[in-house]
Amino acid sequence: MTVTIAKERWSGRCLEAVLGTGSRQVKVGGEATLPFLHFEGEILNPPVVALEVFDASPQEWPDFLCAAYEGVLDDPAAWAKKCVEYGADLVALRLTRIHPDGENASPEEAARVAAAVAAAVDVPLIVLGCGVGEKDAAVLPEVANALAGKNCLLGLATQENYKSIVAGCIANGHAVIASSPLDINLAKQLNILITEMNLDPDRIIIDPSIGALGYGIEYAYSIIERVRTGALMGDKMLAMPVILLVGQEVWKTKEAKTPDAPEWGEQKKRAVLWEVATAVALIHAGGHIAVVRHPESLKHIKAHITKMMQPQQY
Amino acid sequence: MLLIGERINGMFRDIREAIMKRDPEPIKKHAILQTQGGARYLDINTGPAVPPEEQPEVMAWLVQVAQEVSPLPCCLDSTNPEAIEAGLKVHRGKAIINSTTADPWKMEIYFPMAVKYGAALIGLTMNEKGVPKDANDRLALAMELVAQADAYGLPMEDLFIDPLVLPVNVAQDHGPEVLETIRQVKLLASPPPRTVIGLSNISQGCPNRPLINRTFLAMAMACGLDAAIADVEDEELVNVAATANLILNREVYCDSYLKTFRRL
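These protein sequences, in sequence, are chains A and B.
Every letter in the first sequence is one number past the one before it in UniProt numbering, and letter 66, counting from 1, is 66.
Every letter in the second sequence is one number past the one before it in UniProt numbering, and letter 198, counting from 1, is 198.
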């Protein structure tokens, strides 16, 4: 009596996206199976982890998170170098200063900062806008221009503002983050609209707008899972890799922000584990790029990925 | 939902004349139109006008001409095993053999042929006695086809059971029996065989043929139909297939669903 290992025969596979240039280039996606099921299909690349860099010293971060970047919080280029020292596969620059309700920095100023950060590190760069669609649509093409040929990942492009951002990416050889509000139908539609502008499908990364652990992670989990099964069943407009903006969600939760809560234990441990648990769960759902903030989170997540990449063959 | 374009068939006058003159243009035209229209396979049938001894050569020619302009694989449609094999020899990709009946002597020819060429096979739920009256008799024959697939080592997903659609004007009582057969075939094995129909048969000799075809396609899909040999140059018919696909949750919804269904 033998046991036959049940192996799904998928008809499709995920697209492989290449980011950055040179020796620290990062490849994501390309799987022909569900996450880490090495026995069933090829897994070309491990998921990767990025650390975030702000263009201005963050105001609301807890002390122990700031402490990890002590001395570089006012210098995005030095901060980015620090991230690479910590082992980040990519650096995610967040342009907070362009926010219209804040400093409202100009596109040219943002482009200058982005260029300085890109020059400081050799890992691929992700550039995230301020989240105000109109402003991002004005700033990101300028950033794309300043980073021409560096093969960066720019976003977020939404159904409302994707046109100028995608045009900037096409003209300057970048990939784009296509963002949709926890809605797989809109995610697919946005990918169609973007490819109709003639950006290659393997130049798109899906941002499903995740929720953190305890704050809607299960919605994100099932959407990411559906994206992966869609890709494996041959749906080309769902075959793009998925980015997880973990840090931005986790550091909003009260579990990460509250210092005094005896029933929850030590804040630092709790906050880091909140990032790790959110990222790891969503990597198992099918996420490819996890963007986190604490270097210890990065370390734990990478250790987990290394373990999961050890192939099991039957 | 797998649509198999029916148009390259010698029963149509333009194709018959093209075959007689060995004029590739009409074949190419319909290969391209059907590819753009949403077909995933091109049915290839020499038609009855070609004498049996010429059928292998004509089949091979049609396959090559069609695949010259279309990336699609073909569904080789003939009652002549030599014509089918001639088509398989020149075919690129995974072909479908159309078809075998449940007669033992035919199954002995076609199942090994499908396995040898890595092709899928359409099995008709009929034998020398003709088309069965009801779903139960159709299922009994489907079971024989399933058993042969198992015996010859043809993957169950490569067996397409065709429950035989008859025209609604002269064989109205067969409609519900066909729908019931499609439903039940899925219970015969795990993984189950797939199902296919020759859709346009439902409206032979009737007025408003496109309306009848479209309506029946949606109904059959609701019963679990996997594939149909159909008129994919009927845009509204393809829209029905795309829409039914969505409602059955076989594809993730998006606003451009009519377009994504047609994209290769």
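Rather than coming from a laboratory, the hints here were simulated on the basis of the structure.
Note that beta-carbon positions come from the ideal geometry of N, C-alpha and C, so glycine has one too.
Just to be clear, a hint being listed does not mean it is correct.
Looking from chain B toward chain A, a few residues come up when the C-beta cut is under 10 Å (computed) [stated by the list, open to error]:
#1 Trp105
#2 Lys106
#3 Glu108
#4 Cys223
#5 Ile247
#6 Glu251
#7 Ser256
#8 Leu264
Residues of chain A clear of chain B, computed beta-carbon distances all greater than 10 Å [said to hold, decoys possible]:
#9 Ile5
#10 Ala138
#11 Gly230
Interface hint status, Ser256 of chain B versus chain A (Cβ within 10 Å): holds, 5 Å
Would you check whether the claim that Ala138 of chain A is not at the interface survives, using Cβ distances to chain B and the 10 Å cut-off? holds, 27 Å
With 10 Å as the cut and Cβ atoms as the points, is Leu264 of chain B at the interface with chain A? Constraint on Leu264 of chain B satisfied, holds at 9 Å.
Against chain A, is Glu108 of chain B within 10 Å by beta-carbon distance? violated, 28 Å
Is the Cβ of Gly230 of chain A more than 10 Å away from each Cβ in chain B? Its Cβ does come within 10 Å of chain B, the nearest being 5 Å, so this is violated.
The output says Ile5 of chain A does not contact chain B. Does that hold with a beta carbon cutoff of 10 Å? For Ile5 of chain A, whose nearest Cβ neighbour in chain B is about 16 Å away, the distance exceeds 10 Å, so it holds.
Quick one, is the Ile247 of chain B hint okay against chain A at 10 Å, beta carbons? violated, 14 Å
Would the hint on Trp105 of chain B be counted as holding, given a Cβ-Cβ threshold of 10 Å to chain A? Violated: closest Cβ of chain A sits about 32 Å from Trp105 of chain B, beyond 10 Å.
Is the shortest C-beta separation between Glu251 of chain B and chain A less than 10 Å? holds, 7 Å
Using the nearest Cβ pair, does Lys106 of chain B come within less than 10 Å of chain A? Violated, about 28 Å.
Should the interface hint for Cys223 of chain B be scored as holding, given a Cβ-Cβ cut-off of 10 Å against chain A? violated, 21 Å
Hint compliance for this structure: hints 1, 2, 3, 4, 5 and 11 are not met, and every other hint is.
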